[in-house]
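Chains as they are written, first to last, in numbering that gives the first Met the number 0: chain A, 0 to 338; chain B, 0 to 338; chain C, 0 to 318; chain D, 0 to 318.
Just to be clear, a hint being listed does not mean it is correct.
Stated by the list, open to error - Just a few of them, taken from the derived set where beta-carbon distance is under 8 Å, the chain C residues facing chain D: (1) N147; (2) A152; (3) T191; (4) G195; (5) F196.
Everything labelled a hint here was simulated from the structure, so no lab data went into it.
Positions of the beta carbon are idealized from the N, C-alpha and C atoms, including for glycine.
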Amino acid sequence: MANAKTKAGRELQYREALNEALKEEMRRDDTVFVMGENIGERGGSFKVTVDLIHEFGADRVLDTPLAEASFTGAGVGAAIAGMRPVVEILFIDFTPLIMDQIANQAAKYRFMTGFKGSVPFVLRTQGGSGNGLAAQHSQNLEAWFCHIPGLRVVMPSTPYDAKGLLKSAIRHDGPVIFLEHKLLYQTKGPVPEKEYVVELGKGDIKREGRDVTIIAWSHMVLHALKAADVLAQEGIDAEVVDPRTLSPLDTELILESVRKTEHVVIAQEAVRRGGVGSDIASYIQEQAFDYLDAPIRIVAGHNTPMPFNLHLESVCTPHAEEIVAAAKETVYAEKRASA
Amino acid sequence: MANAKTKAGRELQYREALNEALKEEMRRDDTVFVMGENIGERGGSFKVTVDLIHEFGADRVLDTPLAEASFTGAGVGAAIAGMRPVVEILFIDFTPLIMDQIANQAAKYRFMTGFKGSVPFVLRTQGGSGNGLAAQHSQNLEAWFCHIPGLRVVMPSTPYDAKGLLKSAIRHDGPVIFLEHKLLYQTKGPVPEKEYVVELGKGDIKREGRDVTIIAWSHMVLHALKAADVLAQEGIDAEVVDPRTLSPLDTELILESVRKTEHVVIAQEAVRRGGVGSDIASYIQEQAFDYLDAPIRIVAGHNTPMPFNLHLESVCTPHAEEIVAAAKETVYAEKRASA
Amino acid sequence: MYSKKFLLDLYKTMYTIRVFESECIKLYRQGLIRGYYHPYLGEEAVGTGVCAALGKQDYIVSTHRGHGHCIARGADVKHMVAEVLGKETGYCLGLGGSMHIADITVGNLGANGIVGGGIPLGVGAALASKIRKEDRVVAIFFSDGASNNGVFAESLNLAGAWSLPVVFVLENNHYAVCTPVEKSCKADDLYTIGQGFGIESHMVDGNDVLEVYAAAQEAVAKCRKAKGPVLIEAKTYRHGGHHVNDPGAYMPQDRLEYFKSRDPVTLGKGHAMSIGKATKNDIAKIDKAVQKEMDEAVAFAKESPEMSEERFFELVENY
Amino acid sequence: MYSKKFLLDLYKTMYTIRVFESECIKLYRQGLIRGYYHPYLGEEAVGTGVCAALGKQDYIVSTHRGHGHCIARGADVKHMVAEVLGKETGYCLGLGGSMHIADITVGNLGANGIVGGGIPLGVGAALASKIRKEDRVVAIFFSDGASNNGVFAESLNLAGAWSLPVVFVLENNHYAVCTPVEKSCKADDLYTIGQGFGIESHMVDGNDVLEVYAAAQEAVAKCRKAKGPVLIEAKTYRHGGHHVNDPGAYMPQDRLEYFKSRDPVTLGKGHAMSIGKATKNDIAKIDKAVQKEMDEAVAFAKESPEMSEERFFELVENY
Ligand SMILES: Cc1ncc(C[n+]2csc(CCOP(=O)(O)OP(=O)(O)O)c2C)c(N)n1
Ligand SMILES: Cc1ncc(C[n+]2csc(CCOP(=O)(O)OP(=O)(O)O)c2C)c(N)n1
Ligand SMILES: [Mg+2]
Ligand SMILES: [Mg+2]
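Here chain A stands alone, though its shape is the one from the complex (with noise of 0.2 Å):
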């Protein structure tokens, strides 16, 4: 568990964290260099990027023009051409301007020029319903990026996963598509002064049960904990997985949950239509088959575009409750069949 490496440390931000990370990796790497929207002097809409232009000035910190696909793709260019460009995209909604040069090119450059090439670059963006910003900025697209071979996919929940990550996904020597959440950036936790990284690809226990792998990532993983302290409270003891990575996936850490709680909750934010929880469950059913006793339940956004009025964008979205609901569900569904 990362919390317990770190306990009586520091705590920073989300936010910072990454600045951190950004700051350190720019430092090691002088091929490390950033670029977005308003990434400069602004220091971003979400504040990762503050200060990096101070220190590295405006060569290595680029403010872009309003030209997704191009500057994405000029930093795939970039990275083919030797260097390890950051690219912030604003929100992940944007994402679908740039899916092109995300998809066709970066993702398949190393594999169709014969392994002779190699794409060293990082996608920062961020996604998820957050205060009022409607159908265009709240989704969540991670689906997108796991379904196309060669890309990973990093969705950090906790400062510490976040800094560790982003340290990893630089100096990743291929596509990483590296996914924030809104709400998160200023949540506080642990991130010990001492160089680390989280290695891609490794999930973390971020809860410790035997009755339910609850398995959430991203924000999600914020409401898993909440519904794993209403359970125990029912009694039920409720293990919070969170992937970290969603491609590829920690399998492993996955089953060796299951197998230990034989129930399964997967908590996305994502709608649930074509969304990552899917296909979880479906390497769950077939790796893990013979150890579920209840169904898989997946608790996912409702499906449709986010509606802008709050009450209803909360509606829209998975929390604790739900979770909890699912859970319940799950065990006692199995202690209804066992009885």
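Fit chains B, C and D with the ligands to the known structure of chain A by using the hints.
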């Protein structure tokens, strides 16, 4: 079963059936028009739009500049303004260029306008691996579209379904993603002379069977039917279910079959991770958990970009053999379990 | 040449926009409006001048900074305030909000949260008009940031290749958030982009509603004669930051002062009085009426209900 | 001013492209090459002239019609034929094929199956050069079809805003598949698009290798002095259809005849002989050497193995 309805009628190629659907709908309703690259005199690269320009003129059969995002968006805008455009994108591999117009505009417009606007828009494109077209011309991206609320996603496997579904798609009042397959265009099948439509959202049993349900769509249906023949020789009676529409999915039909056979193989050409197969599997295990005595098996494309080399292309694409193997595994797994 | 009524109408529209934005900023600061809110303050003459040149059958396509376009196109501020408050009486039932406000009944195809995302939609509406041989012109609003985006160039070229009845209205307010236009484009002016694609293109003072109107009227007339598209670059400036929470400290004080000294609402008032011979009293009457309408709109919106969950789920079933 | 050796080198490059395409078309017709094959026949002077103006450290970005660029940039035809045959000895191990042929070792960042898709990659390579303060210039090839695409305008604007060392080489062969350029853009010439974005832009006769070379040399020099980017529109014409299976019946016979009468290879030969005083014998020697190299390349490629499944799965593990 569609085939039963149409026996003894004439046979048409898939592309001819599509062409006929376009002609009939353009005659029926003069708000229907088609646009895309080289679809006029040339009739499109796969010859689906041949002759339309002669009957309907250049005003309703538009050759576009090479500007996918904006001519797609123009289609969406024309739909908002009351037309029924059918936009052709030559390869599904180019849809990453148009995803903003599809996912953020077409899919959300009705919702964002408080259900006042509507977008009767059809996107026709084709995917799949074929004949050495390599990584950027061989993809299967239906999962991306299925993940976006507001889109209907259709993938017909026969000329009969292709015609009937395209007609329904054109008459539908929301955006429909109509996905063809490059290897199906020249396949033949019965298509009645008489007017008919196939309802969106209704699957079809392409072969009845008792022992195992094989769920497949688009070109994989042909492999599934071949697999069923092989399995029959071994005494395994496979049912082949073709959902035809992936979103919304005919879950009733699927569940009915699964409850009967208690064994499931899903065969998709797309890569496994993030594919629609996972989604279907996750629903089945949720809804028919107690009927399953062996894990649902998913046969899918290999998790890489598509290689140019023909042999390797074939290695990366699932065929009847893999379906047969998976079906046997699931059926025998159960036999072992009950032994 | 311009009648008093016409000039007062222009003034009234601009003043309505001014009051609408000012009142909504207050509501935002009170926490009653959520999400992003991008005021049109300082740019009132562009939307007003262009919309005055359009006919009833025509369309407009708006942006994330869209309240001005919406008002200029004839929306009822009651339903606008309700929308930005997320109420069911809003134009989009409270599902859209500021960034998605639309009023299709009067030909406003809507704002957009994706910068540039609406441009091809407008081209499509123009295409529909051409195919049906209707006489509709489409005015597409967008700003300098959007002009960096490929979808603009594609749409411009498409409209040009097909001679579509589109007036591209480039509201050059010199900023995309805090990025100044000089940093995002090498060209001195942006209308030259249109020329490069072979499209008739003009530049106007975007703070002078009559200059905007004259250029728009000519452009619309060309479009009706199948001589479109036309691009108009209107130079203007925001009176504040990018959105309500942006103080806009990066905007040089002297430039801001300059543009404020050419405030479009004040200039429009001046036109009404000097050319139209309107009196102080005429103006005062308008000001009062506008303020009253706005106060009523705010009250209406505040009292309006939000959509119930039941209604919501009914609506989105099978979405 | 141009040496005999230089002129003969240009000729040799163009003739190699000519022979390469001709031989591969035969292989295609024999069913040995699969997928799409887009010959560069008739356009040889563009890639040749531009690449002759580049230094070793520079990059090029190619297109789906990329064999000419690849050869002009110094590729070994052995590995090219092997690639289009899908063999493991090909530049991309047979995984890429004609539409993805790349030779990074000599700075060819590769062809692209997505029209326009490579343009921003080239801009990025130029950005890398600028950040590292290296002296690398990037020549980005693309054709008239790609110029309709937003990614071109965005990239052009981006390179302009950042003064990147990019030479945009617009190979205007007048067609995107069968769509003539007049139908896809209202402008008479395409280089004006660059001007609209404030970028230095020129037009040259794309069939005359010396005209192309001169313009490219000047552009490259400007880029090295941080005065880039520069756009060059080179007017040219395909000698056949869009790909091997397209007879190109839509190409007016007289225009095709005209461009064939100004065949770049023949013109290049003429330059070598008239300006460079090369003899028939010099030419014959080159022709023979080129044909021999090509014959050997075809033999090599035919004999080469395909990648084994084992090797493939090893390579793609953890992709
Ligand atoms: C495609 C896209 N990129 C980025 C954003 C974030 N964003 C919202 S408004 C804005 C600036 C737009 O500038 P401009 O087009 O000049 O419009 P203005 O705000 O000046 O009216 C940006 C970057 C967005 N909404 N959509
Ligand atoms: C984005 C995209 N759209 C369409 C295609 C299909 N296509 C391949 S080549 C081509 C024509 C390209 O024309 P142009 O850019 O002029 O290049 P040329 O073939 O003339 O060299 C088209 C439409 C594609 N590969 N990529
Ligand atoms: Mg602006
Ligand atoms: Mg061309």
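Taking the hints in turn, this is what the structure says about them:
1. N147: 6 Å, holds
2. A152: 3 Å, holds
3. T191: 5 Å, holds
4. G195: It holds, given that the least Cβ distance between G195 (chain C) and chain D is near 2 Å, below 8 Å.
5. F196: 6 Å, holds
In this structure, every one of the numbered hints holds.
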